[in-house]
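Enquirer: Using numbering that gives the first Met the number 0, you'd call the opening residue of the sequence shown number 0 and step up by one each time.
Everything labelled a hint here was simulated from the structure, so no lab data went into it. Please note: incorrect hints may appear among the correct ones.
[Stated by the list, open to error] Using C-beta positions, here's what the derived DEER-type ranges look like:
1. P523 with A485: 16 to 26 Å
2. E394 with S364: 31 to 41 Å
3. M400 with P93: 52 to 62 Å
[What the hints assert, rightly or not] SDA-like mimics (lysine to any residue), calculated; alpha carbons at most 20 Å apart, straight line:
4. K51 with R152
5. K137 with R61
6. K137 with G246
7. K137 with R307
8. K51 with G476
9. K137 with L391
10. K51 with D504
11. K51 with L494
12. K51 with E136
13. K51 with N148
14. K51 with V144
15. K51 with G84
16. K137 with G174
C-beta atoms are modelled at their ideal positions from N, C-alpha and C, and glycine is treated no differently.
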Amino acid sequence: MTDSEPQSGVSGSRSAADAVDADADADADADADVAVVGCGPVGMTLAALLGKAGHSVVVLERHPALYGLPRAASLDGETMRTLQGLGLVDELAPNMRAQDAYEWRNGTGDLLIRQEFRDVGTSGWADLYLFHQPSLEKALHSLCVSLPNVDVRLGAEVTGLAQDRDRVTLDLADGTSLGARYAVGCDGGNSFVRGALGIEQDDLGFSEPWLVHDFALRRPAAELGLPSMLQIGDPEEPTTIITTAAGHQRFCFLLDADADADDEDGDDDFEQARAADRMWSRVGRYLSRDDADIVRTATYTFQSLVARQWRVGRILLAGDAAHQMPPFLGQGLCSGIRDVRNVAFKVDLVLRGVRSAEVLDTYQSEREPHVRGVTATSMQLGRQHTLRDPVLARERDVTLMARRAALQEPERIRLPDLGPGLVAFGGGRLSVQGRVSDGRRTGLLDEVVGGGFRLLVVEQALPRLSPALLASLGELGVTVVGLGAAAAGAVLADLDGTHRRWLSDIGATAAAVRPDNYVYAAGPDAGAVADRLLTALVPDLRA
């Protein structure tokens, strides 16, 4: 692994020879360990993760308030596990709803695809939840401002960036500046940080204009007979309908051209009335003016873009600043949360002196293949959904209905593993989370044992780990978790057999799990897995 070379687009950057290495000599006068640019869900999740790890964080947001309007509409079980770790699930649950299926139908109502979701998936939560983004942003903001080492600054626009071997300097619109040991751009698709770094993007070839209407319902969606999650592949007007959360409904319509979007927001009362009439006409099959109030109308161009560099020296990109994808898998926000889980634990290792800064290069090498795989699948679904040629649409219908008739099991989407990076043998896959008990407490694994690095070991393999090895792992903050049928000493009761079954399925007696819940190493020899984890955490610490 080698450090990324700062680009000339950042004033004050130095050559690779002077680039960041170990952080032991980092500027002690920095205002914060990490500056996060952007106060959306991705940026605030990163701030909360780093703040809870004990690092000082400043969050800079150019707008004077949180966005406050719905954008993302779905979260997966992996993201729920992150929110669980942040202690936010109980607060958010009233405004979230587990979804059992996602249907794709043609213009005449024939079922083409039915993606089914488990009520308890890999991460211990349902596979998919629909939610109201303002509720998530409010909860994350409250958490961040409650942490004494996290400083959230709304109305603080970043206008300049510079970095040297020790720190990043951020210039603000009010004429002040601040220094941080690292900075992460979580500032969206029009990222200032990405632009200031001069980073280009790969266009994967998907670009479509959509019109989005969000409504606050006056009666429950079920009472109104609204579809909870439906794609309508009608060549006349491809449509998406989602019950985003309790009392909130979304309709999305593919536009024929960008010009169609221009008339949705007229400049005078007459044009606004015309736009409102068109809106109610579009949704009239499902909603009347007596059923709901319009919350917002917006036009979006759904795109597929991936930044070519996700790290330049001490500055990284995450979320939409690093990649954008069509929404047909509901994975845009989830991908951003995965990004910052990956960034947070690696920056933590660097700030604590456990690893040198070059470990941050594994962020892009691990996450980019995952993002590209998810984006490719989303593009494929989107192209099937948005066919405008009636002949091609009929051919699609015949193909998809035949495929559905031939299915032997429910249709589900499997997300990719990580790419190469901070992973060893058997690593790269997402770990499972099931119910466990230590004899006093019963709950999901993370609730009982906490986060951080964990070594999961079946009960029979525990004796193969020497006391010295276990002591060394403990000194490094690794939690060793024995798993058996009943709780006894160092062994937890694996109540539903979730973890033991998973280890058996992957041919392992032990798995080393990273703080982002991805497997570092796994295999049939528990001692070898433990030794490999020890080796990963010790070398730079000894140096």
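Enquirer: Are the Cα atoms of K51 and G84 separated by 20 Å or less?
Expert: OK: K51 and G84 at ~10 Å, within 20 Å.
Enquirer: Starting from K51, check that the Cα of V144 is at most 20 Å away, please.
Expert: Roughly 12 Å between the alpha carbons, so the hint for K51 and V144 holds.
Enquirer: Taking only the CA atoms, is the gap from K51 to D504 under or equal to 20 Å?
Expert: Judged against 20 Å, a Cα distance of about 34 Å means the pair is violated.
Enquirer: Would the pair K137 and G246 pass a check requiring their Cα atoms to be no farther apart than 20 Å?
Expert: holds (17 Å)
Enquirer: Is the Cα-Cα distance between K137 and L391 20 Å or less?
Expert: At roughly 44 Å apart (the allowed maximum being 20 Å), L391 and K137 break the hint.
Enquirer: Starting from K137, check that the Cα of R61 is at most 20 Å away, please.
Expert: Distance ~17 Å between K137 and R61 Cα, so the pair holds.
Enquirer: Per the hint of 52 to 62 Å, is the separation of the Cβ atoms of M400 and P93 within bounds?
Expert: violated (38 Å)
Enquirer: Is the straight-line distance between the alpha-carbon of K137 and that of R307 20 Å or less?
Expert: At roughly 32 Å apart (the allowed maximum being 20 Å), R307 and K137 break the hint.
Enquirer: Below or equal to 20 Å on CA atoms is what counts here, so check K51 against E136.
Expert: With Cα atoms ~18 Å apart, K51 and E136 stay inside 20 Å; holds.
Enquirer: CA of K51 to CA of L494, is that 20 Å or under?
Expert: violated (29 Å)
Enquirer: Can the restraint linking K51 and R152 be considered satisfied, given a maximum Cα separation of 20 Å?
Expert: holds (18 Å)
Enquirer: Would you mind confirming whether the straight-line C-alpha gap from K137 to G174 stays at or under 20 Å?
Expert: With a Cα-Cα distance of about 29 Å, the restraint between K137 and G174 is violated, given a limit of 20 Å.
The structure shown violates the earlier hints numbered 3, 7, 9, 10, 11 and 16.
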